[in-house]
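Novice: These are the residues of each chain, in order.
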Amino acid sequence: MTTPATSASATSASATSAPAGPTTLGPAGSATSAPAGPTTLAPAAPGPAAPAPGGPAAGPASTPSRLVPVRPATFGRLVAAEWTKLRSLRSSWWVLGVGLLFLPALAASRMTSIAQVPEAVGSPGLVGAVYVTSGVVLSQLAFCTLGVLAVTGEYGTGQIRSTLAAAPARVPALGAKLVVTVGAVAAASLAGVALAWAAGAAWFDATGMSVDLARAEDARIVLGVPLYLAAVTALAFGIGTIVRSSAGGITIVLGLLLVVENGLAAIPWGPVQTFVTYLPSSAGSRLLQSEAVGSVITTSSSTALSPWGGYGVLLVWVVVVLAVAGVLLRRRDA
Amino acid sequence: MIQAAGLTKRYGEKTAVDDVSFTVRPGVVTGFLGPNGAGKSTTMRMIVGLDRPTAGTVTVNGAPYARHRAPLGEVGSLLDARAVHPGRSARDHLLAQARTHGLGRRRVEEVIESTGLGPVARRRAGTFSLGMGQRLGIASALLGDPRTLILDEPVNGLDPEGVLWVRTLLRGLAAEGRTVLLSSHLMSEMALTADHLVVLGRGRVIADAPLAEIVARAQTATVRVRTPMTAELERELRRRPGVGVTSVERDVLDVTGCTAPEVVAAAATVGVAVHELAPVRTSLEDAYLRLTADAVEYRSTPVPGAPAPGRASLGGSR
Chain A
1 MTTPATSASA
11 TSASATSAPA
21 GPTTLGPAGS
31 ATSAPAGPTT
41 LAPAAPGPAA
51 PAPGGPAAGP
61 ASTPSRLVPV
71 RPATFGRLVA
81 AEWTKLRSLR
91 SSWWVLGVGL
101 LFLPALAASR
111 MTSIAQVPEA
121 VGSPGLVGAV
131 YVTSGVVLSQ
141 LAFCTLGVLA
151 VTGEYGTGQI
161 RSTLAAAPAR
171 VPALGAKLVV
181 TVGAVAAASL
191 AGVALAWAAG
201 AAWFDATGMS
211 VDLARAEDAR
221 IVLGVPLYLA
231 AVTALAFGIG
241 TIVRSSAGGI
251 TIVLGLLLVV
261 ENGLAAIPWG
271 PVQTFVTYLP
281 SSAGSRLLQS
291 EAVGSVITTS
301 SSTALSPWGG
311 YGVLLVWVVV
321 VLAVAGVLLR
331 RRDA
Chain B
1 MIQAAGLTKR
11 YGEKTAVDDV
21 SFTVRPGVVT
31 GFLGPNGAGK
41 STTMRMIVGL
51 DRPTAGTVTV
61 NGAPYARHRA
71 PLGEVGSLLD
81 ARAVHPGRSA
91 RDHLLAQART
101 HGLGRRRVEE
111 VIESTGLGPV
121 ARRRAGTFSL
131 GMGQRLGIAS
141 ALLGDPRTLI
151 LDEPVNGLDP
161 EGVLWVRTLL
171 RGLAAEGRTV
181 LLSSHLMSEM
191 ALTADHLVVL
201 GRGRVIADAP
211 LAEIVARAQT
221 ATVRVRTPMT
231 AELERELRRR
241 PGVGVTSVER
251 DVLDVTGCTA
261 PEVVAAAATV
271 GVAVHELAPV
281 RTSLEDAYLR
291 LTADAVEYRS
301 TPVPGAPAPG
311 RASLGGSR
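Quick mapping for you: the protein sequence lines, in order, are chains A and B. full-length UniProt numbering puts the first residue of the first sequence at 1, with every later residue one more than the last. full-length UniProt numbering puts the first residue of the second sequence at 1, with every later residue one more than the last.
Distance ranges between label pairs, derived from CB positions:
| # | chain 1 | residue 1 | chain 2 | residue 2 | range |
| --- | --- | --- | --- | --- | --- |
| 1 | B | Arg-204 | A | Pro-72 | 34 to 44 Å |
| 2 | A | Ala-194 | B | Arg-123 | 29 to 39 Å |
| 3 | B | Arg-204 | A | Phe-275 | 49 to 59 Å |
These aren't lab readings, by the way, just hints derived from the structure by calculation. Bear in mind the structure is a predicted one, so any value in this text is a computation, not a measurement. Cβ coordinates follow ideal geometry from the N, Cα and C atoms, glycine included.
With the hints as constraints, model all of the structure from the sequences given.
Specialist: Below, the structure is given as structure tokens:
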């Protein structure tokens with residue numbers, strides 16, 4: 001199969017006038033229809049009185065001059081980039097907002113229902129810190145979803161290739177994303193706890209409850225909520241990195257929190273009960289348990305672990321899962 | 001400069017890239033060709049460290065991609081038009097990429113301006129047409145003012161003006177001394193843009209030479225002649241040794257084995273009028289199809305009863 005050059009001049013290289021359409025240009029080099037000055041990558045000043053850009057002046061085939069001040073992709077810069085990514089997605093704000101608002105919403109809801117039962121007022125089970133922070137049960141679902149999606153959203157869309165092109169060592173990019181995601185969740189849950197306290201305070205008199213950070217247990221529970229939520233978000237983040245699928249990651253994380261831990265905790269057999277104590281959410285939520293009423297997170301009422309010991313067990317889970325995630329991220333093709 | 005040595009990638013039993021070695025030099029546009037499944041994309045992904053080679057090495061500007069401390073300043077890549085989160089605006093996507101290398105909004109606005117994304121920069125990338133997505137991918141590749149560019153099908157989906165813009169841009173970048181590796185299935189576009197070609201087939205390098213040389217190698221000396229008296233001319237031509245004649249149309253013959261003046265002389269001998277006479281040039285598409293004829297993995301077979309795919313343009317099908 002060959003193509004005849006209809007005239008004897010027999011040129012093929014410049015024969016295609018097709019691309020330029022009606023405004024056929026002469027030699028390709030002088031084309032001006034393109035959206036901007038064609039060859040220069042760095043129009044030093046896009047303004048009007050721009051002098052001839054330095055690019056081509058360097059002469060052909062020499063090393064191009066550096067007009068764009070590129071700096072090494074340090075961890076701090078990766079964190080800045082991840083923050084830009086987080087804040088520029090509408091879904092981030094939705095999920096953070098929902099997770100935050102669960103705290104005051106549930107606090108108000110629980111307090112009003114207690115206020116309607118006057119005979120209960122004054123009973124030792126009414127621990128203000130627990131009732132004010134009871135929204136943590138729902139908040140964790142929102143924040144864990146954010147933790148999973150922070151990673152799997154990149155795999156699902158192809159964004160991960162841009163991310164890894166800028167940070168080919170990979171693990172620093174994952175670390176930067178973790179810092180930003182967990183930081184955002186910690187900030188949102190701190191704000192949520194403050195709002196929940198303010199919302200609950202309206203019923204403190206009616207229910208006989210109070211929150212006082214001077215009481216060790218109150219301080220542990222109120223400040224434990226952001227700590228707990230940050231840790232389970234990091235866990236979800238690690239699981240998301242391992243499975244790389246939004247649906248799979250969310251199913252695993254919510255299944256673990258809602259079904260597995262509570263389901264096993266309902267089995268009244270000693271060894272199972274002990275096992276459940278060491279599962280991530282059950283262990284970590286020891287931090288949020290009051291000696292008087294237990295925890296709102298899980299039906300497990302074991303006190304085998306101390307509050308901080310339990311949180312420590314959760315952190316071990318987090319570290320192990322993130323370590324596996326980091327190794328897999330390095331090994332696998334993106 | 002991109003240097004691949006013994007690059008191999010296996011997925012289980014299947015070998016996608018098989019002991020590939022080549023050098024992409026600065027200062028010219030190198031075209032990367034091959035049928036679907038030949039291993040082009042996999043090779044490009046290995047160059048920028050997205051896929052890990054099973055064996056072999058590849059370096060960019062003297063070091064493996066992952067060793068560069070400011071990789072976007074070394075290599076700009078467009079491997080997939082949709083390497084972008086659809087919920088993020090073009091501007092925010094570019095800003096996030098820029099921040100990783102300490103670049104700010106000014107540089108982002110520069111590449112938005114130079115790629116013609118200005119009017120849509122605030123829109124979410126998920127709403128973009130294929131062509132706008134390509135422009136965003138190219139903008140992203142240009143962010144770090146890289147010394148090397150790797151572009152997989154950059155003109156796919158672009159309008160004619162965009163195609164011309166990419167051609168002009170890439171030739172300009174190469175003229176500045178940068179390294180440009182470009183893949184495309186559009187042979188006519190490749191013929192206008194590339195200076196050098198690396199052709200893959202079934203995971204192996206089947207050609208690595210200047211474009212002109214690859215086309216010249218496939219060149220056959222054929223003369224096309226239009227005459228109202230084809231029978232007489234054919235009879236006369238066939239008397240000469242080594243001359244082949246094939247009928248193209250009712251009044252057109254393709255003649256091999258003799259030059260245009262010899263055809264005219266033969267016509268004069270028998271008093272046949274010649275209305276048109278032209279040497280037939282081999283196009284890059286012809287050369288490519290001949291080169292990869294044995295290496296095509298996914299071939300379309302003619303449907304019985306359908307018209308024969310005479311000069312069907314494989315190259316233009318994408």
